[in-house]
Amino acid sequence: MDQARPGRDILDRALRTSWLAALALAATVAPGRPRDAAAILAGQLLAFLHFISLRKIVKLFTEGRRDPRLALMIAAKVTLVYGGLAALITLGGVRYVPLCAGFALPFLMLFLKSIMLALGAGPASLTARRATETARSLGNAAKPAVFLLLLGVAVLLAFSAPPGVALAGEAAHGAPAAHDAAVTHGAAVAHGGAAVADRDAAVAHGGAAHHNEEGAAELPNWLVILHDFNPGNPLVSWLEKNQVIVFAWIAGLLFLLVSWLAMRKPKMVPGPFQNAIEWMVESMEEVCGGLLGPQIDKHFPLIGALFFYILTINMLGIIPGMKSATSSLDLTLALALITFLYVQFWGIRNLGIVGYLDHLAGSPRDAIGWAMLPVMLPVHVLGELAKPVSLSCRLFGNIFGEDTLIVVFVGATALLIKASLVALAVPPMAGITALFMMLQTLTSIVQALIFSLLATVYLYMMLPHEAHAHEEAHETH
Amino acid sequence: MAGKTPKKVTGWRQVGLLSSIPFILALAPIIGLVIGQQLERRFRTPSWLTYVLCGLGFVAGVRETIKIVKLSQQED
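So the protein lines, in turn, are chains A and B. Using this note's numbering, the first residue of the first sequence is number -5, and each one after it goes up by one. Using this note's numbering, the first residue of the second sequence is number 16, and each one after it goes up by one.
Bound-form chain B, shown alone (with noise of 0.2 Å):
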């Protein structure tokens, strides 16, 4: 593991994850968005289950993103 510094592997894995937090933001509602239509149109279930599965795909977006800024701030 000689040659780099942590600090400068650090830093890649940062860029990594803080840029990946804008598409979990936008994707988690709209994963929920379609699942919920999915469900909707072979199981019948009730059109406000869509909505409800968008806002816990806000949610899951909102607490991966949280997770993931700890994470990049965590040292090797």
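If we strip away everything but chain A, and leave its shape as in the complex, we get (with noise of 0.2 Å):
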């Protein structure tokens, strides 16, 4: 890779595989459906306009002279992207499914080929740093396998989209949406009446909003469409009734699977997943136990599985059609509390029941101390509860904000498609949905991340070490 300007050629990488995975599927959908298949062909040849001009206006913008060319550029995009759009759609009569899904490929292949780069087999790799020569080879030669196939599963999905979607702006409303024969499907969404509407808003997520019991608007996932199709059905009711535990085991399960997947074979040299699966494993040892110490091989394992299983619990909400568990607080707030239990537990055991208890009452050892007591307990015990509500509440917030974001962007696309504003809409609307998820990814990251470090720290609060024993003398004095 040219390491001058690795974001131009990442760029011009993201382009050609786009280019490749727009011809494959084109060829794939042209027999039964020319017509979605010129769709992606001519989806894919804007967007890759929108980044070709949209370099070339950087490049002129940057230099910092004032080009004629700029002006002539911005027109240029302004003209062939949204003008191209706006023609297809209005004068050619194309589905706007096959044409965003080609429109979305390179902004997919950028996102893809940015996530490889941090964790694939090149010289900027975070992971390749023990991988052999034949495990990177082999890895090279997998992913682009691996991306094309889920490409194509996506795809597929997308194509299917069941009856069951519902716009956001109109679920949010709460009524029932009157539409055209030809692209509303007429199950209406459980939740709240919420309503159904064009099967074409299914673009990302395949597609839509509804209200669940607490009257916030989510995307629906499989188990609500899954409810659509049979709402009779007792087992379907009950898992879709209790969803959050679905999707919490789901990510268990998961998480358990990958764990197992990684250390079956356990190599000296390891492998790309070994590897990786052991990098993630040292660097949240090694964040961890720079406040432990050597007491962090005891508690290790509850810090580092709670991290890695409220990554994968984050991280399963941004796949299409699944729920982040967290977006719940009943979650969160379990998490937390068991959380709490632990560091409570190991206060007691490290420190004794009357230990515990001194603790508890801020360690009274003259008489302004014990006169304190009915004071300083109280203080002491709702300053630990607190902890654990603040845990829950932080996860949940963000997760359940960025679950709303997304709803009300992919909302919005979809009104703004109704309202036939779907050329100059489109475009920004779907960038700056694929921006929230991608900061999504990151925040699943950093909330998963801060969840565990506070655990961590919580328990040192509660651990008898020099520094702290040395603190709380001086707080006593």
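Note that these hints are calculated values from the structure, not bench results. This structure is a prediction, so every number in the text was calculated from the model and none was measured. All C-beta atoms, glycine included, are put in the ideal place defined by N, C-alpha and C. Treat the hints with care, as some may be off.
Residues from chain B that keep clear of chain A, each with C-beta distances beyond 10 Å, as calculated [as the list claims (entries may be wrong)]:
id, residue
1, Arg56
2, Arg57
3, Ser62
Some chain B residues judged to face chain A by a derived CB distance under 8 Å, without partners named [claimed, not checked]:
id, residue
4, Gly31
5, Ser35
6, Phe38
7, Ile39
8, Leu42
9, Val74
10, Ala75
11, Leu86
Hints given; two lone chains; assemble the complex.
This is how it looks when you write it as structure tokens:
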């Protein structure tokens, strides 16, 4: 890779790969739906033009001199990309889904290439420090194949989007929709009379928003869709009602599966997968070990499990059709309670029951200390209780906020499509939604890290150690 | 423990700790209030206890905040 301009190199590679993916997709779809195949290629062409002209514009803009070509390029970009989209939809009668799928391909490839830069086998890799050459070459061959496979599955799912999709905006108003018969699927989403709408609104995430029991809008997951198909099935109804538990279990099983796959045959010279897992575990242990010191070995199983479990749950929400169980306060509170009980358990175990009560009472050693006991005891207890509640509220708020943000933008895109403002609305809206999804990936990691780090800190505050003892003694005096 | 500098590790911890201050400050009085209301409802305790617990919650929040700030300044 060209190290002097890695960003530009990634863009070139992403555009090349997206062309290959678009051609493969178009070839797959062409026998049955030739118009859709043409729409995919047209979308890809427009996105390609978008990136090429954007690169030129950025280059001219950053050179700093007043170049008349800048205005020309901006005009050309607007005319070609947005005018092209408008012309295709209004004059050509192209379907939105394949067109948007084609348009989104370079964005997706760019995102995947960026992730591969960090996790792949290249020189900038964070995980290939010890991978053998054989493993690298195997990994390089396998990655495009896996990406193409995933892409194929995603597009097939998008093309066969089931009924039961709803516009976010309409779901937010709770009004039943009456739409064009050609594009409307009649099954109303069971929650709160939320509306069913345009099938083509299912571009990103398979589509839609609905009201859950708490009244908050969220994109429908596969359990909601399954329930729309089988409203009378008691098992499906149970699963749909307890979707937080179901998705928490799915994340747990996924976490176990990944751990088992990575470590079933550990090698001294690890392959890329084992290497990636080892790197993540070591990094996490390093971050927490800085505070706990040698005691980290005793507590890392819980702290590490918390980190990877929360990370898996958070990341699950990014996959279309899945849900982040951490967007429910029930689960985050349960995780925080586990942490709280674990910390209190180790507090009692290390300090003894008398020492623990002494700690809660603020370690009174003189008459003033004992006199302040009725005040200090509730203050300590309230301080301890505030920790798990703050942990759970922070995780819940962040993940729920992200989900809501994406729903709002998907809903806005769908409404603008309905208002026939596709050409002007979809490219920026799809871009913003993609941007928020990338942001969601970052926030998922940061929130999982912060949750486990704070669990470490709370544990550290409870465990006896020199610095802490010194600090407490200092406070007493 | 090779690879990451202690500064970077401490930085992450500072981010986590300092960003938890608003939650602790806001939630501690609320927890006091809720406990006070529950005590009042179940055991018919005097109503001023709710306000006292709410105030103590505020004190607890401030106290935890001071501890958090101290801890965030501590090097590994």
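Now for the hints, and whether the structure bears them out:
no. : hint  : in the structure
1   : Arg56 : 18 Å, holds
2   : Arg57 : 17 Å, holds
3   : Ser62 : 17 Å, holds
4   : Gly31 : 4 Å, holds
5   : Ser35 : 6 Å, holds
6   : Phe38 : 3 Å, holds
7   : Ile39 : 5 Å, holds
8   : Leu42 : 5 Å, holds
9   : Val74 : 5 Å, holds
10  : Ala75 : 4 Å, holds
11  : Leu86 : 6 Å, holds
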